[in-house]
Amino acid sequence: MDKPILIMEGITKEFPGVKALDGVDFELYPGEVHALMGENGAGKSTLMKILSGVYQHTAGKILLNEEEVTLNNPTVAQELGISIIHQEFNLFPNLSAAENIFIDRKEIISASGKINWSRMNAEAKALTESIGADIDVRREVQYLGVHSQQVIEIAKALSFNAKILIMDEPSAALPEDEVQKMFDVVKQLRNNGVAIVYVSHRMNEIFKIADKVTVLRDGGKVSTNKITETTEDQLISEMVGKEVGDLYPDKTKRIFNESVLNVNDFDITSKHKVSFSLRRGEILGFFGLVGSGTHTLAERIFGLKKGKGTVEINGKSILIKNPKDAMKQGIAYLPPDRHRQGLVKESSIRENMTLPILKRISNGLIIDKKAEQVINEEYIEKLSIKTPSQNQVVNLLSGGNQQKVVLAKWLTTKPDILIMEEPTRGVDVGAKAEIYRLINELSLSGLSIILISTEMPELIGMSDRILVMNEGNIVNEFKNGEADQQKLLKEASNSIDKMVV
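The numbering of the sequence shown is the numbering used here, which starts it at 997 and goes up by one.
These are computed hints drawn from the structure, not numbers from a lab.
The beta carbon of each residue, even a glycine, is placed where N, CA and C say it ideally should be.
Some hints here could point you the wrong way.
Stated by the list, open to error - Think about it this way: if two alpha-carbon atoms lie no more than 27 Å apart in a straight line, the pair counts; the simulated DSS-like pairs of lysine-lysine are:
no.	residue 1	residue 2
1	Lys-1302	Lys-1324
2	Lys-1204	Lys-1269
3	Lys-1183	Lys-999
4	Lys-1312	Lys-1269
5	Lys-1475	Lys-1269
6	Lys-1222	Lys-999
7	Lys-1159	Lys-1238
8	Lys-1269	Lys-1483
9	Lys-1320	Lys-1302
10	Lys-1304	Lys-1324
11	Lys-1267	Lys-1208
12	Lys-1247	Lys-1320
13	Lys-1410	Lys-1382
14	Lys-1121	Lys-1208
15	Lys-1267	Lys-1222
16	Lys-1355	Lys-1267
17	Lys-1320	Lys-1355
18	Lys-1208	Lys-1183
19	Lys-1312	Lys-1366
20	Lys-1366	Lys-1238
21	Lys-1267	Lys-1045
22	Lys-1355	Lys-1341
23	Lys-1267	Lys-1324
24	Lys-1183	Lys-1045
25	Lys-1177	Lys-1222
As the list claims (entries may be wrong) - So the derived label-pair ranges between C-beta atoms look like this:
no.	residue 1	residue 2	range
26	Glu-1373	Thr-1248	29 to 37 Å
27	Ser-1255	Ser-1358	29 to 37 Å
28	Val-1142	Val-1050	18 to 26 Å
Make the full structure from the sequences, and use the hints.
Written out as structure tokens, the structure reads:
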């Protein structure tokens, strides 16, 4: 049996007044993808910063290939074959891929003191090809896609002969269609014998790519298991310290009489038309596979896409030509990708939160800063947004708190109807529970919610009704307590041609 390349034994880290890690053990083997999971504050980042030389542990020991080492700084860690790939890439956009890989490196300097361009490009190409990537290494990084930029970061680590690679939320910056490419690179790294620590909170990724998974909670290790010997429910329970069912608010069957939204004959595809009603205070779930039409439906209601069909709000026929019209009618839309559609990440919480209501808090030229401050204070408290200040740059918040800022931004418009698409995508389990609580409270206050999600447990746990879409058609309806994952998948994937109104 292979011996571990890394043993972290009894790792404790204390900051003034805080014990961030308490006696954590962690082992890693060559050619292994070992996932590290836990809520924000569980200790994942601290443990990895110790491994990469950023922090020094207070107690415990670290062994590489059975020899105890002292990782005083990141340079020492790198020299010992440990590299980290951060969420935010550290690349120079105006330099080529090859230049980024070998920047400030003596090995590509010729005897005459000049850069050996042909050698640098050849070695950069060999490194990218070794992990199955086809990249023009002579091209400037600013003209390459996000996945290619990630490959460059990995190639840079490999150029230092990395034997242990820490990947911190590697899919966070990637578009959905490039995640599989990243998986292919990880698999190739594993085949090449590189040991990988895969830090992520995305369950579906963990079960696709990891060999083992370790869960941390409150600075301690809860478990280490082979991925084939655990389940999603077990991991969630270990991360949050309670059963999965407890994540969702108690759902009692309620009677909804008053219809607030009627969608009639929306042509999501040329073949089918969609009609449905939403009642006051109802959480109406929508489930469908890729291409089912759920995303298009959301954009149609909010005026982002045009088509045939009519909309009634409170019994009155309404024409929605654009998002401005939708907002005037009390409709808000929380989009599926907060990074590209929901936030200005370089701006503050304060600036993001009041974007939709600038007219309301300004005279057209000058923003009423006091009004802006009061609104921010209200929603930071209501949504329990964890931040030192409303002036905090959004990019520095956790995923869960970023999502709360997007939600707050739309709640400032005082909507009657809220469309939420993938509301917990990219947030940890603890933050999900908080968002579920908020959604439930909003519905109990009378807000009508359309909840579009590909996470079936989320829909089943939160919805009063679930409509399943398939090829642009609503194919079935499940009332509270009727749905399970098998039924939803069957309806979403079968070729059924019946309409639910």
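Status of each hint after checking the structure:
For a cut-off of 27 Å, the pair hint linking Lys-1302 to Lys-1324 stands: about 17 Å separates their Cα positions. Proximity of Lys-1204 to Lys-1269 is assessed by CA-CA distance (about 36 Å); at most 27 Å being required, the pair is judged violated. For the hint linking Lys-1183 to Lys-999, the alpha-carbon distance of about 20 Å falls within 27 Å, and the restraint holds. Proposed proximity of Lys-1312 and Lys-1269 is supported: the alpha carbons are some 21 Å apart, at most 27 Å.
Under the criterion of a C-alpha separation no larger than 27 Å, the hint pairing Lys-1475 with Lys-1269 is consistent with the structure, at around 22 Å. Taking the CA atoms of Lys-1222 and Lys-999, the gap is about 17 Å. The hint holds against a cut of 27 Å. The hinted pair formed by Lys-1159 and Lys-1238 fails the criterion: a straight-line CA distance of about 36 Å is larger than 27 Å. For a cut-off of 27 Å, the pair hint linking Lys-1269 to Lys-1483 stands: about 23 Å separates their Cα positions.
Pair hint Lys-1320 plus Lys-1302 holds up; C-alpha atoms about 14 Å apart against a cutoff of 27 Å. A threshold of 27 Å between alpha carbons decides the hint, and for Lys-1304 with Lys-1324 the separation of about 21 Å falls inside it, so the pair holds. Distance hint between Lys-1267 and Lys-1208 is unfulfilled; the C-alpha atoms sit about 46 Å from each other, more than 27 Å. Pair hint Lys-1247 plus Lys-1320 does not hold up; C-alpha atoms about 34 Å apart against a cutoff of 27 Å.
In summary, the hint linking Lys-1410 to Lys-1382 is supported, as the alpha carbons are separated by about 22 Å, within the 27 Å threshold. This hinted pair does not check out: Lys-1121 and Lys-1208 have alpha carbons roughly 31 Å apart, beyond 27 Å. Using a Cα cut-off of 27 Å, the hinted pair Lys-1267 and Lys-1222 is violated, with the two alpha carbons roughly 46 Å apart. Proposed proximity of Lys-1355 and Lys-1267 is contradicted: the alpha carbons are some 41 Å apart, above 27 Å.
At most 27 Å may separate the alpha-carbon atoms for a hinted pair to count; Lys-1320 and Lys-1355 meet this at roughly 12 Å. For a cut-off of 27 Å, the pair hint linking Lys-1208 to Lys-1183 stands: about 14 Å separates their Cα positions. Taking the CA atoms of Lys-1312 and Lys-1366, the gap is near 37 Å; set against the 27 Å cutoff, the hint is violated. A threshold of 27 Å between alpha carbons decides the hint, and for Lys-1366 with Lys-1238 the separation of about 41 Å lies outside it, so the pair is violated.
Using a Cα cut-off of 27 Å, the hinted pair Lys-1267 and Lys-1045 is violated, with the two alpha carbons roughly 54 Å apart. Distance check on the hinted pair: Lys-1355 and Lys-1341 sit about 21 Å apart at the alpha-carbon level, within 27 Å; holds. For the given pair, Lys-1267 sits about 31 Å from Lys-1324 by alpha-carbon distance, which is inconsistent with the 27 Å threshold. Note on Lys-1183 and Lys-1045: the hinted pairing holds, with a Cα-Cα distance of about 24 Å set against a maximum of 27 Å.
Between Lys-1177 and Lys-1222 the CA atoms are separated by roughly 24 Å; this keeps the pair inside 27 Å, and the hint holds. Checked against the hint of 29 to 37 Å, the pair Glu-1373 and Thr-1248 passes, with Cβ atoms roughly 33 Å apart. Restraint check, Ser-1255 to Ser-1358: a C-beta distance of roughly 36 Å satisfies the suggested window 29 to 37 Å. The given range of 18 to 26 Å is respected by Val-1142 and Val-1050, whose C-beta atoms sit roughly 24 Å from each other.
The structure is inconsistent with the numbered hints 2, 7, 11, 12, 14, 15, 16, 19, 20, 21 and 23, although it conforms to all the rest.
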